[in-house]
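Asks: Residue strings, one per chain:
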Amino acid sequence: MSPVPAAAVLAALAAVALIANRAWVVALIAGALLALCLKAPRGRRWLYLIGTLGSALSVFLLSPLVSHTGTHVIWEGPKIPVVGYLDVTSEEVAAAAIQALRLAAVGLAFAAYALLLDLDRLLQAASFARRSVLAAGLATRLVPTLERDAAGFVEALRGRGVRVEGARGRARLLSPLLAGSLERALNLAEAMEARGFGRAGRTRAPSPPWTRLDRIALAAAAVLVVGAIWL
Amino acid sequence: MAVAEVSGLTFRYPGATASALTDVSLRVEPGEVVAVLGPSGSGKSTLLRALAGLVPHFHGGRFEGRVVVADKDTRSFRPADLAGDVATLFQDPEDQVVFGRVENEVAFGLENVGTPPGEIWPRVHAALAEAGAERLAERRTETLSAGELQRVCLASVLALEPALLLLDEPTSQLDPKGAEQILDLARELGAAVLVSEQRPSLPLERCDRVLFVSDGRIAIDATRDEALDRLPAEYLPRDPRRLPVASGEGDVLCRVDDVTFAYGSQPVLERASLTLRRGEVVALTGPNGVGKTTLAKIAAGLLEPMSGSVEKQGRCCYLSQDPGRYLVKERAEDEAALAVHGDRDRARRALAEVGLAGFEDRHPRDISSGERERLALASVLVADPDVLILDEPTRGVDPPRKAELAARLRRSANRRATLVVTHDLVFAGDVADREIALETRERVHA
Numbered sequence: 151m152s153p154v155p156a157a158a159v160l161a162a163l164a165a166v167a168l169i170a171n172r173a174w175v176v177a178l179i180a181g182a183l184l185a186l187c188l189k190a191p192r193g194r195r196w197l198y199l200i201g202t203l204g205s206a207l208s209v210f211l212l213s214p215l216v217s218h219t220g221t222h223v224i225w226e227g228p229k230i231p232v233v234g235y236l237d238v239t240s241e242e243v244a245a246a247a248i249q250a251l252r253l254a255a256v257g258l259a260f261a262a263y264a265l266l267l268d269l270d271r272l273l274q275a276a277s278f279a280r281r282s283v284l285a286a287g288l289a290t291r292l293v294p295t296l297e298r299d300a301a302g303f304v305e306a307l308r309g310r311g312v313r314v315e316g317a318r319g320r321a322r323l324l325s326p327l328l329a330g331s332l333e334r335a336l337n338l339a340e341a342m343e344a345r346g347f348g349r350a351g352r353t354r355a356p357s358p359p360w361t362r363l364d365r366i367a368l369a370a371a372a373v374l375v376v377g378a379i380w381l
Numbered sequence: 026m027a028v029a030e031v032s033g034l035t036f037r038y039p040g041a042t043a044s045a046l047t048d049v050s051l052r053v054e055p056g057e058v059v060a061v062l063g064p065s066g067s068g069k070s071t072l073l074r075a076l077a078g079l080v081p082h083f084h085g086g087r088f089e090g091r092v093v094v095a096d097k098d099t100r101s102f103r104p105a106d107l108a109g110d111v112a113t114l115f116q117d118p119e120d121q122v123v124f125g126r127v128e129n130e131v132a133f134g135l136e137n138v139g140t141p142p143g144e145i146w147p148r149v150h151a152a153l154a155e156a157g158a159e160r161l162a163e164r165r166t167e168t169l170s171a172g173e174l175q176r177v178c179l180a181s182v183l184a185l186e187p188a189l190l191l192l193d194e195p196t197s198q199l200d201p202k203g204a205e206q207i208l209d210l211a212r213e214l215g216a217a218v219l220v221s222e223q224r225p226s227l228p229l230e231r232c233d234r235v236l237f238v239s240d241g242r243i244a245i246d247a248t249r250d251e252a253l254d255r256l257p258a259e260y261l262p263r264d265p266r267r268l269p270v271a272s273g274e275g276d277v278l279c280r281v282d283d284v285t286f287a288y289g290s291q292p293v294l295e296r297a298s299l300t301l302r303r304g305e306v307v308a309l310t311g312p313n314g315v316g317k318t319t320l321a322k323i324a325a326g327l328l329e330p331m332s333g334s335v336e337k338q339g340r341c342c343y344l345s346q347d348p349g350r351y352l353v354k355e356r357a358e359d360e361a362a363l364a365v366h367g368d369r370d371r372a373r374r375a376l377a378e379v380g381l382a383g384f385e386d387r388h389p390r391d392i393s394s395g396e397r398e399r400l401a402l403a404s405v406l407v408a409d410p411d412v413l414i415l416d417e418p419t420r421g422v423d424p425p426r427k428a429e430l431a432a433r434l435r436r437s438a439n440r441r442a443t444l445v446v447t448h449d450l451v452f453a454g455d456v457a458d459r460e461i462a463l464e465t466r467e468r469v470h471a
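Protein chains in written order, with the numbering used here: chain A, 151 to 381; chain B, 26 to 471.
In short, the hints are calculated from the structure, not lab data.
Note that this is a predicted model, so its numbers are computed, not measured.
Beta carbons: idealized from backbone N, C-alpha and C, even for Gly.
Among the hints, a few may not be true.
Partial pick of chain A residues on the chain B-facing surface, computed with a CB cut under 10 Å [as the list claims (entries may be wrong)]:
id, residue
1, Pro294
2, Glu305
3, Ala306
Okay, the calculated bits of chain A under chain B, using three or more residues with CB under 8 Å as the criterion [stated by the list, open to error]:
id, region
4, 157-167
5, 258-270
6, 308-321
7, 346-355
Straight-line distance between alpha carbons at most 20 Å, and here's what the computed DMTMM-like set of lysine to aspartate or glutamate pairs gives [said to hold, decoys possible]:
id, chain 1, residue 1, chain 2, residue 2
8, B, Lys354, A, Glu315
9, B, Lys354, A, Glu333
10, B, Lys337, A, Glu333
11, A, Lys189, B, Glu167
12, B, Lys427, B, Glu167
13, B, Lys337, B, Asp264
14, B, Lys354, A, Asp299
15, B, Lys354, A, Glu226
16, A, Lys189, B, Glu163
Could you build all of it, start to finish, from the sequences and the hints given here?
Replies: Below, the structure is given as structure tokens:
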């Protein structure tokens, strides 16, 4: 499938997950997107999956404790200053579940976009805002680059007999990683300018024509969003 | 008519106390291949950047004189406007890649310079074929090895069919055969080529003319034959010393036995073995992608083999081929002290040993690439390891510094076992007692 209809389908699924009120619909979308993300290479997908599913789990666990809705108490906790009673009601759990599923679905839709779509072809297809799309593409590639840089730092430290352990040890690498990214960005900007980026009269390499599947996917994305709003 | 003409160019980077280039004048004729040689930090890269218009437009600074490329004065035309007439291949391929797919990466420059859409893909595929990277067209750029990426970057500049091709250490990550292919290709292009290299024998065998840059000035501008009489001895081409294969007799400090390794489903090493003894320096050589770095990392304990065994005596230190990995701390002294639990006396001695005395308080990111290489070396030598493994320690290092490094490793050879992974066969001949040549992915016993 071409990247534009594929991106449209992912965006539509994320939109439906945000709009839909039924938990099973959101769960179905999140499950389908998770299955899709699992098709990505193992080495690349873990960061996205841990980030998304970790955030969703946090929402599910914490939001019942800080919200005060519902009457069917299923757990009575202590009273905390400022926050109040840490009671958990079945209504709060249900609301937390749907919020967590929504977050998971949106996060997984982005993960599928970053992991599985050919961002280059998406950029080629963009006839407007090319600079913004290019910036988005470069930003998406930043994650694997940072991963590689972090692994390189850890390896070079291990090669000197220095162990990098725990969150504190890894946190110490944030500053050099950031500095390295800035240096890399400067080098990349120089290379791009030397290759004519920003010059007037730019042309575009021809993209392959859309297939029937691409058109069906784009129509399905539109139907999904309209259907979710209608229902 | 000259493709490029530089007249009285003096340039100083913003905030610098000294000029990077001083009163440089030269003409480059069409089709001429010019080797640009000189020590690290002498101004070679700045000269190439001036010809691309990046100096002063991208870097800022104080610019005097005139640079005209393809009839365009670089003071009036931005680098992007010069693209197509001039194309630059930079030192580090990883810092040049914009796109995730190889063919899109090569098409990027063509799109920017306004190539008619119908011509773009044929030129992309022709350039990839010329650079020996045709099979990589559909690959993701992040999955390529450094050598493969360098070929893709070369294809990106070849696709532009420039009148002036600027190559800034284009072969630093390539094995000798790959490096020769790239320079032969540059020669066959018909474009004027300026190639800066730290393995001078390669361009000296193929160039028409030599520029030797020293302290920002053109010290030698001569035809190849004249230059061979005037160049410093370290820059003259010479054949590498042939190394024996047989092992020495010292205590065995590292034994890698019958190891197999694969990255995912891609096998890299199959039943490879190596033995390192105290007192010997061993050169590990072989083409790109044959598994040299993998074997070195297994020996250093940084990778776990899928089968086979590794035994080591004493402390082992491994120097990565990327000096950018030795920039964790904010002072050079602290960086060097990391491996010795913050012992600053030892760190200062190690810095002095690699010629970085006085750099203790400098930020590792504020020093030149050659100085970073030496800081990285100091960061492992400081531990005085029993087993020292150096992965491409001469990448970007000028010939005099290579000679110094070889002498330094020879001086301390008796204290340890040393393994040097290198594409630089001349350096290998200077430093090593014996050679392990990985030629295929199968069964290496040495």
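Asks: Could you run down the list of hints and mark each one as holding or not?
Replies: For each hint, the structure was consulted:
Look at Pro294/A: its Cβ gets to within about 6 Å of chain B, closer than 10 Å, so that hint holds up. The restraint placing Glu305/A at the interface with chain B holds, with a minimum CB-CB distance near 6 Å, inside the 10 Å limit. Contact between Ala306/A and chain B, as hinted, is supported at the beta carbon level, the nearest pair being about 4 Å apart and thus within 10 Å. Coverage of the region 157-167 of chain A by chain B is violated in this model, with 0 residues showing a Cβ closer than 8 Å to a Cβ of that chain against a need of three.
Counting residues of the region 258-270 of chain A whose beta-carbon sits less than 8 Å from any beta-carbon of chain B gives 3, enough to reach three: the coverage restraint holds. Using a Cβ-Cβ cut-off of 8 Å, 5 residues of the region 308-321 of chain A lie near chain B, which meets the minimum of three, so the contact claim holds. Check result for the region 346-355 of chain A against chain B: holds, 9 residues qualifying (beta carbon to beta carbon below 8 Å, three or more required). Of the supplied pair hints, the one linking Lys354/B and Glu315/A holds, its CA atoms being roughly 17 Å apart against a limit of 20 Å.
Taken as a hint, the Lys354/B and Glu333/A pair is honoured in the structure, with Cα atoms around 16 Å apart against an allowance of 20 Å. A C-alpha spacing of about 37 Å is found between Lys337/B and Glu333/A, which places the hinted pair above 20 Å, so the restraint is violated. Distance hint between Lys189/A and Glu167/B is fulfilled; the C-alpha atoms sit about 18 Å from each other, no more than 20 Å. For the hint linking Lys427/B to Glu167/B, the alpha-carbon distance of about 31 Å lies beyond 20 Å, and the restraint is violated.
Restraint check: the Cα-Cα separation between Lys337/B and Asp264/B comes to about 34 Å, which exceeds 20 Å; the hinted pair is violated. Under the criterion of a C-alpha separation no larger than 20 Å, the hint pairing Lys354/B with Asp299/A is consistent with the structure, at around 15 Å. Distance check on the hinted pair: Lys354/B and Glu226/A sit about 50 Å apart at the alpha-carbon level, beyond 20 Å; violated. About 19 Å separates the Cα atoms of Lys189/A and Glu163/B, which keeps this hinted pair within 20 Å; it holds.
The structure fails to meet hints 4, 10, 12, 13 and 15 from the earlier list, while all remaining hints are met.
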